[in-house]
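Peer 1: Since chain B is already given, all that's left is putting chain V on it; use the hints.
One line per chain: the protein sequences are B and V, in this order. For the first sequence, counting from 1, position 73 maps to 73 in this note's numbering; every step adds exactly one. For the second sequence, counting from 1, position 39 maps to 39 in this note's numbering; every step adds exactly one.
It is worth saying that the hints were derived from the structure and are not from the lab. Think of the CB as a built atom: it goes at the ideal place given N, C-alpha and C, for glycine as much as any other residue. Incorrect hints may have been included.
Restraint-style ranges between C-beta atoms, simulated for each label pair [said to hold, decoys possible]: (1) Pro115/B with Glu153/V: 48 to 58 Å; (2) Trp71/V with Lys70/B: 33 to 43 Å; (3) Lys159/V with Lys41/B: 37 to 47 Å; (4) Val172/V with Lys159/B: 50 to 60 Å.
Under the rule of at most 20 Å between Cα atoms (straight-line distance), these lysine to any residue pairs were calculated in the SDA-like manner [as the list claims (entries may be wrong)]: (5) Lys113/B with Val172/V; (6) Lys113/B with Lys150/V; (7) Lys169/V with Lys150/B; (8) Lys166/V with Asp123/B; (9) Lys167/B with Ala116/V; (10) Lys150/B with Val163/B; (11) Lys150/V with Arg15/V.
Partial list, derived from the structure: chain B residues whose beta carbon lies under 10 Å from chain V [what the hints assert, rightly or not]: (12) His11; (13) Lys13; (14) Ile19; (15) Arg28; (16) Gly86; (17) Ile96; (18) Asn125; (19) Glu135; (20) Leu143; (21) Glu153; (22) Lys159; (23) Gly168.
There are 2 protein chains.
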Amino acid sequence: MARVFVLRLGHRKERDKRISTHVALVARALGASGVVYSGEKDEKMEKSVEDVVERWGGPFFISYERNWKKWLEKFDGIKVHLTMYGVPFQERMKEIRGKFKSRDICVIVGSEKVPAGIYGMADYNLAIGNQPHSEVGALAIFLYELMDRKLKEDFEGAKIKVVPQKKGKKVVKLNS
Amino acid sequence: MARVFVLRLGHRKERDKRISTHVALVARALGASGVVYSGEKDEKMEKSVEDVVERWGGPFFISYERNWKKWLEKFDGIKVHLTMYGVPFQERMKEIRGKFKSRDICVIVGSEKVPAGIYGMADYNLAIGNQPHSEVGALAIFLYELMDRKLKEDFEGAKIKVVPQKKGKKVVKLNS
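This is chain B alone, in the form it adopts within the complex (with noise of 0.2 Å):
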């Protein structure tokens, strides 16, 4: 398979600074290799999600780009924005899929409001589910989905790990 980014839009420092922690906490336990964000640079967020790669392992990574009109364009891979208006993802899966093979995709998530030519800009306007969303849950079910439902269990580099109990926490340091 091929590597998938996630493109992150409109970032605000103050209004969106644990939002956007939240879609590369799932950009990373999902699978994805990194995020790119514009809107105001914001090297705190960036902090919190490096210290987590840190420490629960990699490779993932965190960029800003001011220019991610340019950045898209240049993008060699499929690009796929999550928006309520489009189309039903459960429809383009299986294609998505297949071109995942050996194509990088990125996916595209807004914050409140997205510059309209980002529609014509992508290959895909997903929708998951037409209704006012978060666009965390969205990309947790396309992420989910688009790796076969399958989560990432090796992060490289990791110093703790979790082992699962079915009461209470364990995490344990790894030689690394």
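Peer 2: Below, chain V without anything else, positioned relative to chain B:
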């Protein structure tokens, strides 16, 4: 099928306003009946969810419970706590879906830290991957699987509705 409720623990007005709203939006879009939250009472957050229900339909409620412990003890149904420390959810979904035919489900999601007692109160502590995650993303995948990967389509009393588009947005008014 029975009903699904989401219990959101430890809401902090300032820090969690948008995350808790996203929890509620995901719950509604994926077919839950409502969200009960504890922590700090937040009328603004409640109103933003109620506004969505008013325009996009329901039924869906959001309500505050100061004493979530008492509420959860009284809850007559299956208690599922989503946590990165739990057992892989895939191992339990079939069993839970079976019980769900006749019993209500309460899905518990915490914020940063959950009270230790919750692990013992839950019938299942399930991990949507044992990685740092988003409660919004975890809830989305859990509900998606619980509902047999079918998204809710009919919302009662909706005033507006999306007409899915390959490019762009189309929203129509409904007579209701």
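Peer 1: Are the hints correct? Go through all of them and say.
Peer 2: Cross-check of the supplied hints:
Evaluation of the 48 to 58 Å hint for proline 115/B and glutamate 153/V yields a failure: the beta carbon distance comes to about 29 Å. The hint said 33 to 43 Å for the Cβ distance between tryptophan 71/V and lysine 70/B, and at roughly 51 Å that hint is violated. At roughly 39 Å, the beta-carbon separation of lysine 159/V and lysine 41/B lies within the given 37 to 47 Å, and the hint holds. Look at valine 172/V against lysine 159/B: about 52 Å separates their beta carbons, and that is inside 50 to 60 Å.
The straight-line distance between the Cα atoms of lysine 113/B and valine 172/V is roughly 19 Å, inside the 20 Å bound, and the hint therefore holds. Distance hint between lysine 113/B and lysine 150/V is unfulfilled; the C-alpha atoms sit about 27 Å from each other, more than 20 Å. At most 20 Å may separate the alpha-carbon atoms for a hinted pair to count; lysine 169/V and lysine 150/B exceed this at roughly 32 Å. Under the criterion of a C-alpha separation no larger than 20 Å, the hint pairing lysine 166/V with aspartate 123/B is consistent with the structure, at around 9 Å.
Between the alpha carbons of lysine 167/B and alanine 116/V the distance comes to roughly 10 Å, so the proposed pair stays at or under 20 Å and holds. About 18 Å separates the Cα atoms of lysine 150/B and valine 163/B, which keeps this hinted pair within 20 Å; it holds. Taken as a hint, the lysine 150/V and arginine 15/V pair is broken in the structure, with Cα atoms around 32 Å apart against an allowance of 20 Å. At about 13 Å, the closest approach between the beta carbon of histidine 11/B and any beta carbon in chain V exceeds 10 Å, and the interface hint on this residue is violated.
Annotation: interface hint on lysine 13/B violated; nearest CB of chain V at approximately 13 Å, more than 10 Å. For isoleucine 19/B, the suggested interface contact is upheld, since its CB lies about 6 Å from the closest CB of chain V, less than 10 Å. Hint on arginine 28/B holds. Least Cβ distance to chain V is approximately 7 Å, under the 10 Å limit. Contact between glycine 86/B and chain V, as hinted, is supported at the beta carbon level, the nearest pair being about 6 Å apart and thus within 10 Å.
Evaluation of the isoleucine 96/B hint against chain V yields a violated restraint, the C-beta minimum of about 14 Å exceeding 10 Å. With a least beta-carbon distance of about 6 Å to chain V, the hint placing asparagine 125/B at the interface is held under the 10 Å criterion. For glutamate 135/B, the interface hint holds, since its Cβ comes within 10 Å of a Cβ in chain V; the closest pair sits about 8 Å apart. Look at leucine 143/B: its Cβ gets to within about 9 Å of chain V, closer than 10 Å, so that hint holds up.
Hint status for glutamate 153/B relative to chain V: holds, with the closest Cβ pair at about 8 Å, below 10 Å. At its closest, the beta carbon of lysine 159/B sits 13 Å from a beta carbon of chain V; the interface hint therefore is violated under the 10 Å criterion. Annotation: glycine 168/B was flagged as interfacial toward chain V, and the flag holds, the nearest CB pair being 5 Å apart, inside 10 Å.
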